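> Here is what each chain is made of, one letter per residue.
Number of protein chains: 2
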Amino acid sequence: MENTVIKGRLEKLRAKMLENGIDYYMMPTSDFHNSEYSADFFKVREYFCGFDGSNGTLVVSKDFAGMWTDGRYFIQAENQMAGTGVELFKMMNPGVPTIEEYLAANMKEGQVLGFDGRVVSCSIGESLEKKLSKNKVTLKIDKDLAEEVWTDRPDLPCHDMYILSDELCGKSFKEKLSDVRKKMEEEGVKSHLLSKLDDIMWLTNLRGNDVECNPVALSYAYITMDEFYLFVQEKEVTQEVKAYCEKNEIILKDYHELTTFIDGLELSGDIMYDKRNTNFLTCKALLKKAESYKAELKNCNNPTEIMKAVKNETELKNIREVYLRDSVKLTEFIYWVKNNVGKIPMTEYTAAMKLDSMRAELPGFIELSFPTISAYNANAAMAHYEATKDNAAEVKAQGMLLVDSGGTYMGGTTDVTRTIVVGEISDEIKKHYTGTVSGMLQLANATFMHGSTGRNVDIFARQPLWEMGIDYNHGTGHGIGYVLNVHEGPQNIRWRFAKGAEEAVLEPGMIVSDEPGVYIEGSHGIRIENIVEVVEKENNSFGQFLGFRHLTYAPIDLEAIDTKYMKPECIKLLNDYHKMVYDKVSPFIQDENIKSWLKEATRAIG
Amino acid sequence: MENTVIKGRLEKLRAKMLENGIDYYMMPTSDFHNSEYSADFFKVREYFCGFDGSNGTLVVSKDFAGMWTDGRYFIQAENQMAGTGVELFKMMNPGVPTIEEYLAANMKEGQVLGFDGRVVSCSIGESLEKKLSKNKVTLKIDKDLAEEVWTDRPDLPCHDMYILSDELCGKSFKEKLSDVRKKMEEEGVKSHLLSKLDDIMWLTNLRGNDVECNPVALSYAYITMDEFYLFVQEKEVTQEVKAYCEKNEIILKDYHELTTFIDGLELSGDIMYDKRNTNFLTCKALLKKAESYKAELKNCNNPTEIMKAVKNETELKNIREVYLRDSVKLTEFIYWVKNNVGKIPMTEYTAAMKLDSMRAELPGFIELSFPTISAYNANAAMAHYEATKDNAAEVKAQGMLLVDSGGTYMGGTTDVTRTIVVGEISDEIKKHYTGTVSGMLQLANATFMHGSTGRNVDIFARQPLWEMGIDYNHGTGHGIGYVLNVHEGPQNIRWRFAKGAEEAVLEPGMIVSDEPGVYIEGSHGIRIENIVEVVEKENNSFGQFLGFRHLTYAPIDLEAIDTKYMKPECIKLLNDYHKMVYDKVSPFIQDENIKSWLKEATRAIG
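Here the protein sequences come in this chain order: A and F.
Heads up: the first sequence at position 283 corresponds to 347 in our numbering, and the numbers run straight through without jumps.
Heads up: the second sequence at position 140 corresponds to 204 in our numbering, and the numbers run straight through without jumps.
Honestly, the hints are just simulated from the structure, not real lab data.
Hints are supplied without guarantee of correctness; some may be wrong.
As the list makes no split between identical chains, a pair holds if one copy fits it or if it spans any two.
Unchecked claim - In silico PhoX-like links for lysine-lysine, alpha-carbon gap of 25 Å or less:
1) Lys358 x Lys194
2) Lys339 x Lys563
3) Lys453 x Lys198
4) Lys235 x Lys348
5) Lys628 x Lys494
6) Lys628 x Lys601
7) Lys663 x Lys352
8) Lys207 x Lys172
9) Lys238 x Lys453
10) Lys601 x Lys494
11) Lys247 x Lys563
12) Lys643 x Lys495
13) Lys246 x Lys353
14) Lys339 x Lys240
15) Lys195 x Lys628
16) Lys317 x Lys348
17) Lys601 x Lys495
18) Lys648 x Lys353
19) Lys80 x Lys643
20) Lys631 x Lys643
21) Lys362 x Lys194
22) Lys663 x Lys402
23) Lys636 x Lys246
24) Lys76 x Lys648
25) Lys195 x Lys362
These numbers were taken from a predicted model, which means no experiment stands behind them.
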């Protein structure tokens, strides 16, 4: 059946393309800052083709429309785009051209490729520009054609900003700014453009609410040796924020003025920026400016990235407290699930709601750090499974429920996964569960020398599974923000890196997830995730030894542990961990039933 | 006291420099191929300053002479250069300029830096050229001034080449050449210059004897799609080798003709070379030729490198056999040491001689694969300790003797280290020894997915030591040649890599050393080294799992093992290994005393 709605929209888009002299128009998924979640305002690709997955790029010409997405979404995209006339390009499948290849093969001399330069990363933009210049194709990147076609488009997110106190942050904006300027001096630059939202929030000690689950405001910052400009939407600036900015000599500029501002800049030296998270339009403006001054546009990792990743003492103290309180709630939730399954109506969705509401009771709760993943039995084997109110499996007294969840509080951002036994499970599941737990505990127990990266230690998490002939197709660990995004760099724990990818050294004060898993399609999915902090161990003539310390204290389900699949020292690690869980969590539990269940659930096993 | 000999030599050198219009003359350590050992012919730096360490570069001008070396050699260099007027530059010490920095600071516009372009690597040469071009300094690289000053200079090594049969190699030269040409096609080049001696030997199935302990002939090879040129010294070509070359259409050219040959080349396309092991003079000649044809000089890893590293079935079969026979000899040697220490005169040197002579008895013995390291007690803690006939410690019935040794045989090249208890040892030593053994066994027991590199698994070897707050300052493992060099790439096992360094994926059929250690200055040194081969394990929907299999079977000294420092599964690994050692080695041992000792030495411990 024909999808006349989409076809109509595409026709309008084509008319606008013609008006603007654009032959091909490209619409990717990102917002202006390459955030993890894009607000509805940015869902242009979905508007013009119907496909709403988290990754996809639509390309439209006079007589062609194609949408590129990855293997997770082939079926969904086919369904959602049925009758639209939009062709599906299955990324990475043999013989399927990339967008760049497609355009290079089809665009002719003199033609124009258009896209909104704010939603395309600098590296993709540069690569397209280079490739297509061979065809003498030019780019038009200053037009957001959706603006003129999409009449009922949602507004750009615009919510009040708020201030975190210096006491909560452990370091004032001015101190942080001084550290950034030191780095700028070291790099020999006179100014620095910062486009990464969580970096700007960390640096200013401000927060916002413009990206789902990320407490960030849409913003840019431009830093010189004596001035600090913050670009935000005027309506987001409350009286308190305004006063704070005045006090801290933060010069406020309108969010939409950035390009004009860059065009009018007077440079006194080189500019630093981070290509990985600056959009193409901004890059182009910076480059033009730098060239006109014969200055260098220096591509460096934002200095804020590593400063933000290494938590200070105040942050760590608060994080430890918040993780403990969050763990208590999770423990109570696990009890609730086990005690109620099979007795009350329970779906993946209602269970998630229950946990979310429990978290919301905690003091300082701001929001969830990501949408809670609640997946029952085989659903847990699907990497991007999302239960919704209308589409959620019933949780019965059989098998397991995987729950991956977290909250952002005044005092920290949490992330934790437990896979909860709700009924009978097979010996195979016990084997996989035991291997997963062993891996999590082994990694958390690692000793490593300063200079090690996540790649050096990753194998501790995978070893028990690899020895079973099982692997999990995701990283073992990621960094986590402080009252900020649940995923942040630069550190992570993986065994493979893309060629040329930088690996960050693990530094004391970093916090990182430790989350091995087993996923057997059509059968079951297991993931156990603790968050750990990097701590100093011995320092001697050999150097600085480091290790991890648990931040998460929630019971591991002993019903799924079979010690015959566990090395003696992993059994010891589990018993030691469970003793800590009981000692730390039980004082916060009022209900004697839960407390005595916890005692049993954290008993030493032999 | 003045060293008039060196001073006289330097005066003669300076006269030659003046004659040739050279203001600064640089003399590094390498031969023309960056081999691990340089023959006496190449010891120009030693001739002109007296310092004979394995790393050092001498720079001489009209009124200056400076020698750069690293921390291992500061004391030795000071002693050996006393009275020569040559200034010592302690590399990596704070405030000490590099050679490049020194030259950039001191050379003036229009001056000339000279060196023999054949003993300087392409990357160092290019870097100097770039840096000094800012001073308008030019390079003169076609003069080996030592030739004219050093009258009693030893000859360039020149020994008969010999042929390995196709049966021994498992693959004929023609088959290997066809594989190389396939790679050349893939890279889109029409010719390939090969400068790496062991690669040339591997490819041609020829061997030589021009580098200490490396069965290689000084040579270059130039490969086109239909011709194969081999540059060797004419005198090395025996009648057999000549006939072999004729039969295989190998066109023989004189070793010294390479540059002239390149100058006269007619190119039909791009040239491939490997910058890492092509000398600067050759690079320059290639570059000039490529430019004149507007061809590209394509820098790639020699395709032979990975082909040589992944052993074929014939090679593996022979290697396993040779390692077993070599292990038997080492086992008998260990018995000899333990049984004779304190009873007969024994020094580090005489013990090494004993082992060397035992190896020489084995069928197919060619030479040692490197000079045997025999180091008693505290001497074993010194990284580059070398006992000589005149300077060797007496081995008494106290402490330990570390022996790192190997041989090259028709059928394989071996490398093995054992640290032998010869008397009382402290509890601390037992702890360190037990940790070292645990590390070696854990790594050998690793399961890993295809795609892993040495960095992914290195931590298994270091973990027991890192947990004790101890590290060893060397790599854990290196590749080993087949009837070739004892050190070869591209794979290795390390935890740290230089920025941008390539890491090779571990492939089935590679062989690699596994050699953790503990070195306590002034006290003791322990290293335990087995060689292992990479083998396939399970292959399933998750991918290809790999592991290691031991090639070395010699007892680990139980007198130095204390199970209180050992995890239960490491005890099991040790017992399993010792059972294999006894089962494999004992059938080859005639002497019943040794056999019953071995039974006891490989007993299961609890």
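> Decide, hint by hint, whether the structure agrees.
Each hint, compared with the structure:
| no. | hint | result |
| --- | --- | --- |
| 1 | Lys358 x Lys194 | both (22 Å within a copy, 23 Å between copies) |
| 2 | Lys339 x Lys563 | both (17 Å within a copy, 20 Å between copies) |
| 3 | Lys453 x Lys198 | neither (51 Å within a copy, 69 Å between copies) |
| 4 | Lys235 x Lys348 | neither (34 Å within a copy, 56 Å between copies) |
| 5 | Lys628 x Lys494 | within (10 Å within a copy, 31 Å between copies) |
| 6 | Lys628 x Lys601 | between (32 Å within a copy, 22 Å between copies) |
| 7 | Lys663 x Lys352 | neither (65 Å within a copy, 78 Å between copies) |
| 8 | Lys207 x Lys172 | within (21 Å within a copy, 55 Å between copies) |
| 9 | Lys238 x Lys453 | neither (46 Å within a copy, 68 Å between copies) |
| 10 | Lys601 x Lys494 | between (34 Å within a copy, 23 Å between copies) |
| 11 | Lys247 x Lys563 | between (27 Å within a copy, 21 Å between copies) |
| 12 | Lys643 x Lys495 | within (23 Å within a copy, 29 Å between copies) |
| 13 | Lys246 x Lys353 | within (24 Å within a copy, 48 Å between copies) |
| 14 | Lys339 x Lys240 | within (22 Å within a copy, 44 Å between copies) |
| 15 | Lys195 x Lys628 | neither (57 Å within a copy, 63 Å between copies) |
| 16 | Lys317 x Lys348 | within (20 Å within a copy, 56 Å between copies) |
| 17 | Lys601 x Lys495 | between (33 Å within a copy, 19 Å between copies) |
| 18 | Lys648 x Lys353 | neither (56 Å within a copy, 73 Å between copies) |
| 19 | Lys80 x Lys643 | neither (66 Å within a copy, 79 Å between copies) |
| 20 | Lys631 x Lys643 | both (19 Å within a copy, 22 Å between copies) |
| 21 | Lys362 x Lys194 | both (20 Å within a copy, 22 Å between copies) |
| 22 | Lys663 x Lys402 | within (15 Å within a copy, 56 Å between copies) |
| 23 | Lys636 x Lys246 | neither (46 Å within a copy, 54 Å between copies) |
| 24 | Lys76 x Lys648 | neither (61 Å within a copy, 80 Å between copies) |
| 25 | Lys195 x Lys362 | both (23 Å within a copy, 22 Å between copies) |
Of the numbered hints given earlier, the model fails hints 3, 4, 7, 9, 15, 18, 19, 23, 24; all others are met.
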